[in-house]
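> Take a look at the letters that make up each chain.
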Amino acid sequence: MKYTLEIITVITILVFAGIFAVQNAHIQSTLKPGEEAWSGADSSAAEIIQSNGYTPWFTPIWEPPSGEIETLFFCLQAALGSLVIGYFFGYYRGKAVRD
Amino acid sequence: MHIMEGFLPWYWCAFWFAVSLPFVLYGIYLLNRLVKEHRDALPLLAVSGAFVFVLSSLKMPSVTGSCSHPTGTGLSAIMFGPFLTSVLGMIVLLYQALLLAHGGLTTLGANIFSMAIAGPVVGYWIYRGGKAIGLNTFVTVFLAAALCDLFTYVVTSLQLALAFPAETGGILASFTAFAIIFAVTQIPLAIIEGVIIALIFKYIIQSRPDILIKLNVLSQDQVKKIRELSI
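Protein sequence lines correspond, in order, to chains F and H. Letter by letter, the first sequence follows residues 1 to 99 of the working numbering. Letter by letter, the second sequence follows residues 1001 to 1231 of the working numbering.
If you are wondering where the hints come from, they were derived from the structure by calculation, not from laboratory data. Please note that the accuracy of each hint is not assured.
[Claimed, not checked] Below, simulated DMTMM-like cross-link-like pairs (lysine to aspartate or glutamate); rule was C-alpha separation at most 25 Å, straight line:
| id | chain 1 | residue 1 | chain 2 | residue 2 |
| --- | --- | --- | --- | --- |
| 1 | H | K1225 | F | D99 |
| 2 | H | K1059 | H | D1221 |
| 3 | H | K1131 | H | D1040 |
| 4 | F | K32 | H | D1210 |
| 5 | H | K1059 | H | E1167 |
| 6 | H | K1225 | H | E1037 |
| 7 | H | K1131 | F | E6 |
| 8 | F | K2 | H | E1037 |
| 9 | H | K1224 | F | E68 |
| 10 | H | K1202 | F | E68 |
| 11 | H | K1131 | F | E36 |
| 12 | H | K1059 | H | E1228 |
| 13 | H | K1224 | H | E1167 |
| 14 | H | K1036 | H | E1228 |
| 15 | H | K1224 | F | D99 |
| 16 | H | K1214 | H | E1037 |
| 17 | H | K1224 | H | D1210 |
| 18 | F | K95 | F | E6 |
| 19 | H | K1214 | H | E1228 |
| 20 | H | K1059 | H | D1210 |
| 21 | H | K1036 | H | E1167 |
| 22 | H | K1202 | F | E63 |
| 23 | F | K2 | H | D1210 |
| 24 | H | K1225 | F | E70 |
| 25 | H | K1202 | H | E1167 |
| 26 | H | K1202 | H | D1221 |
| 27 | H | K1059 | H | E1037 |
| 28 | H | K1224 | F | E6 |
| 29 | H | K1131 | F | D99 |
| 30 | F | K2 | F | D99 |
| 31 | H | K1131 | F | E35 |
| 32 | F | K95 | H | E1167 |
| 33 | F | K32 | H | E1037 |
| 34 | H | K1059 | F | D99 |
| 35 | F | K2 | H | D1040 |
[Stated by the list, open to error] Looking from chain F toward chain H, a few residues come up when the C-beta cut is under 10 Å (computed):
| id | residue |
| --- | --- |
| 36 | I27 |
| 37 | K32 |
| 38 | G40 |
| 39 | Y54 |
| 40 | W57 |
C-beta atoms are modelled at their ideal positions from N, C-alpha and C, and glycine is treated no differently.
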């Protein structure tokens, strides 16, 4: 079959999204007010370390001043990457058609 | 997998910098050689680097109720090996440390080691091993990329456990605690990453099999077999 890998990819993502939807519904219904679900694993680890009395000895030189600006840089990162991927796959495809 | 800025005692920061530095330096040497000898492979190097950029920016929710991100380093590890991947990974980690306060400059050495060296080394050898025993190419790529991702997070857990052993149970107890946060969260993400990289690999085989043969990633026979299968 021509599109086996594409189909497997789509199914994997759908299963993943389905599990998230079910689990999220469950988590949201048991969440106490003021609590936030789906935080980052990086900060969970930092919490454990700090709860043992460790204080970080160095702080970031620059921090995105708000969540929006942080999102901006994350999007920029993804956009730059996608641009490069799209450019070269398009270039190869065009070349293959011409030759 | 990012260890946050200042979250490792200074001697551990120094240790991981010392471990990572030779890999990155040799990677830069190989990069120079690639630029001179295999110019036609540079677009694929750019694509692999871009892949690390895209995948490591996607924070996804996982079954443990927290979010984490794939690493995307598997593709470059398979095609270019762990040394060149360490250079690509360093660029991404620097971007995130400087602009996003994600990871950090003091912990850069430790983060390079987990994401851009240890994971890719595992991915590279799994790919080579699978190729040697004649395993289906796409299954091999899936396993290499997924385990490259997962092992990165195992190493992060180990790095934190070594720096912060638990009062009762020591390093092992502490490793278990960090591994639950990082490695278990990562399992579903690693599977997705493996599938996506296998798909991208298919497109690369379709468009430039000649470069993959030149880089000794695939043999002529393998390419012929994959083309006949047309999956």
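> When the structure is checked against the list of hints, which entries are broken? Sort them ascending.
2, 4, 5, 6, 8, 9, 10, 11, 12, 13, 14, 20, 21, 22, 24, 25, 27, 29, 31, 32, 33, 34, 35 and 37
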